[in-house]
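There are 2 protein chains.
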Amino acid sequence: MEIKVLKNIMHANQKLADENRALFKERKITAVNIMASPGAGKTSVILKVIEHLKNEIGIGVIEGDIASNIDAEKIDKLGIPVVQINTGGGCHLDANMIKTVVPDLGLTENAVLFIENVGNLVCPSSFDLGENIKMVIASVPEGHDKPYKYISMFEGADVIVLNKVDLLPFIDFDKESFKKGIRALNEMAPIFEISCRTGEGISEFIGWIKEKSKAGS
Amino acid sequence: MEIKVLKNIMHANQKLADENRALFKERKITAVNIMASPGAGKTSVILKVIEHLKNEIGIGVIEGDIASNIDAEKIDKLGIPVVQINTGGGCHLDANMIKTVVPDLGLTENAVLFIENVGNLVCPSSFDLGENIKMVIASVPEGHDKPYKYISMFEGADVIVLNKVDLLPFIDFDKESFKKGIRALNEMAPIFEISCRTGEGISEFIGWIKEKSKAGS
Numbered sequence: 020m021e022i023k024v025l026k027n028i029m030h031a032n033q034k035l036a037d038e039n040r041a042l043f044k045e046r047k048i049t050a051v052n053i054m055a056s057p058g059a060g061k062t063s064v065i066l067k068v069i070e071h072l073k074n075e076i077g078i079g080v081i082e083g084d085i086a087s088n089i090d091a092e093k094i095d096k097l098g099i100p101v102v103q104i105n106t107g108g109g110c111h112l113d114a115n116m117i118k119t120v121v122p123d124l125g126l127t128e129n130a131v132l133f134i135e136n137v138g139n140l141v142c143p144s145s146f147d148l149g150e151n152i153k154m155v156i157a158s159v160p161e162g163h164d165k166p167y168k169y170i171s172m173f174e175g176a177d178v179i180v181l182n183k184v185d186l187l188p189f190i191d192f193d194k195e196s197f198k199k200g201i202r203a204l205n206e207m208a209p210i211f212e213i214s215c216r217t218g219e220g221i222s223e224f225i226g227w228i229k230e231k232s233k234a235g236s
Numbered sequence: 020m021e022i023k024v025l026k027n028i029m030h031a032n033q034k035l036a037d038e039n040r041a042l043f044k045e046r047k048i049t050a051v052n053i054m055a056s057p058g059a060g061k062t063s064v065i066l067k068v069i070e071h072l073k074n075e076i077g078i079g080v081i082e083g084d085i086a087s088n089i090d091a092e093k094i095d096k097l098g099i100p101v102v103q104i105n106t107g108g109g110c111h112l113d114a115n116m117i118k119t120v121v122p123d124l125g126l127t128e129n130a131v132l133f134i135e136n137v138g139n140l141v142c143p144s145s146f147d148l149g150e151n152i153k154m155v156i157a158s159v160p161e162g163h164d165k166p167y168k169y170i171s172m173f174e175g176a177d178v179i180v181l182n183k184v185d186l187l188p189f190i191d192f193d194k195e196s197f198k199k200g201i202r203a204l205n206e207m208a209p210i211f212e213i214s215c216r217t218g219e220g221i222s223e224f225i226g227w228i229k230e231k232s233k234a235g236s
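The listed protein sequences correspond, in order, to chains X and S.
With the first sequence counted from 1, adding 19 to any position gets you our numbering.
With the second sequence counted from 1, adding 19 to any position gets you our numbering.
Just so you know, not all the hints are guaranteed correct.
A pair counts as met if it fits within one copy or between any two copies, since identical chains are not told apart.
To be verified - In silico lysine to any residue, SDA-like type, Cα no more than 20 Å apart, as pairs: (1) Lys199 / Gln103; (2) Lys199 / Ser87; (3) Lys118 / Thr106; (4) Lys199 / Asn88; (5) Lys93 / Ile190.
No wet-lab data here; the hints were simulated from the structure.
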């Protein structure tokens with residue numbers, strides 16, 4: 020019985036995710052589902068992209084959080100369309116939430132839509148939102164063992180960002196072990212090493228985002 | 020229908036959690052459910068307690084992870100009884116998992132049982148394991164806004180540990196805002212500021228653990 024219910028939920032989500040994907044394709048929108056642990060730097064990465072690209076490409080943001088609108092306020096201050104989704108206790112966003120709020124963003128053709136998922140390295144990996152790119156952000160203080168523990172998150176990523184590399188001198192972080200863990204699961208995803216704080220590695224990462232937005236969804 | 024299934028799951032978990040709690044009481048075991056984001060330092064905190072108290076009190080550890088036994092190996096090297104639970108994709112431990120593995124630990128009377136939950140600031144807060152103490156570990160690099168976003172985790176905590184305070188000089192972390200966010204939800208839980216890396220604040224925290232273990236469960 021429980022399995023049947025779970026299947027129904029997943030089936031319903033998939034149907035709505037496919038509808039989102041078709042809409043994004045029609046409008047040439049590149050939708051990026053950003054997933055990470057709490058505090059890895061999801062909002063900081065979005066703010067960096069806005070800082071560098073807001074005069075070149077259309078950008079919209081969906082902020083997912085259990086509670087608060089702290090992150091949406093930061094985006095709104097920069098004059099970028101943003102919608103905050105509060106999930107109550109829910110540990111991930113789902114396709115229906117995205118479908119509901121996308122019309123409010125007024126996205127132009129070729130825009131990039133950043134969807135900041137709930138801070139959680141587990142549950143969001145199971146729910147397709149209709150995105151074109153699954154971006155996983157890891158951060159140096161979390162440690163190099165995360166790919167070995169949170170397998171489906173790193174396995175399903177289209178791009179992986181290692182944030183907070185400015186803290187490498189102060190932390191025992193084995194970069195080779197981190198990359199080896201990723202490559203055991205995921206041979207293809209590019210890995211960008213950045214610091215939103217110091218700007219290290221940002222230009223290469225921004226260049227990649229720009230190329231993706233040109234390609235459309 | 021979905022709500023009915025959820026209620027049944029929660030009811031079944033509660034029954035087993037109460038059985039665990041009764042067992043801990045009978046054996047005077049203090050069970051500590053440790054919850055945190057991935058990489059906040061759950062295992063490091065346990066290793067610190069072991070280092071300081073292994074000759075004074077009985078200690079056992081249950082390690083919860085989606086995959087890997089990296090953490091259990093670290094505990095085992097110190098000669099402390101440990102069981103690794105791999106949840107597959109599961110985003111939290113539950114009372115039945117704890118009930119199943121506790122007999123393997125051979126815990127003595129007055130022992131402290133550390134239960135390291137899956138790294139996740141959301142789901143573990145909903146599942147009672149029968150523990151005596153809910154310990155939430157936050158870490159400086161995660162940022163000071165976590166209590167505002169992950170409400171039920173901080174609301175339900177019996178003790179809160181702020182780890183990685185050695186990184187305060189390198190990060191924009193507003194300690195007053197962090198504490199204000201906690202106190203809006205939780206007036207009573209003591210807050211310890213520590214660094215497992217430098218040892219700062221550890222002795223006060225260890226003293227607290229020792230008092231709790233004396234009191235029994």
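Okay, the hints, checked on the actual structure:
In this assembly of identical chains, the alpha carbons of Lys199 and Gln103 never lie at most 20 Å apart, being 36 Å within a copy and 23 Å across copies at closest. Proximity of Lys199 to Ser87 under the C-alpha cut-off of 20 Å is restricted to the inter-copy arrangement: shortest distance 15 Å between copies versus 36 Å within a copy. For the identical chains of this complex, Lys118 and Thr106 are intra-copy neighbours only, at 15 Å inside a copy versus 31 Å across copies, given an alpha-carbon limit of 20 Å. Taking identical chains as interchangeable, the C-alpha atoms of Lys199 and Asn88 lie at most 20 Å apart only when they sit on different chains, with a minimum of 17 Å there against 37 Å within one chain.
For a Cα distance limit of 20 Å, the shortest separation of Lys93 from Ile190 across copies, 18 Å, qualifies, whereas the shortest one inside one copy, 29 Å, does not.
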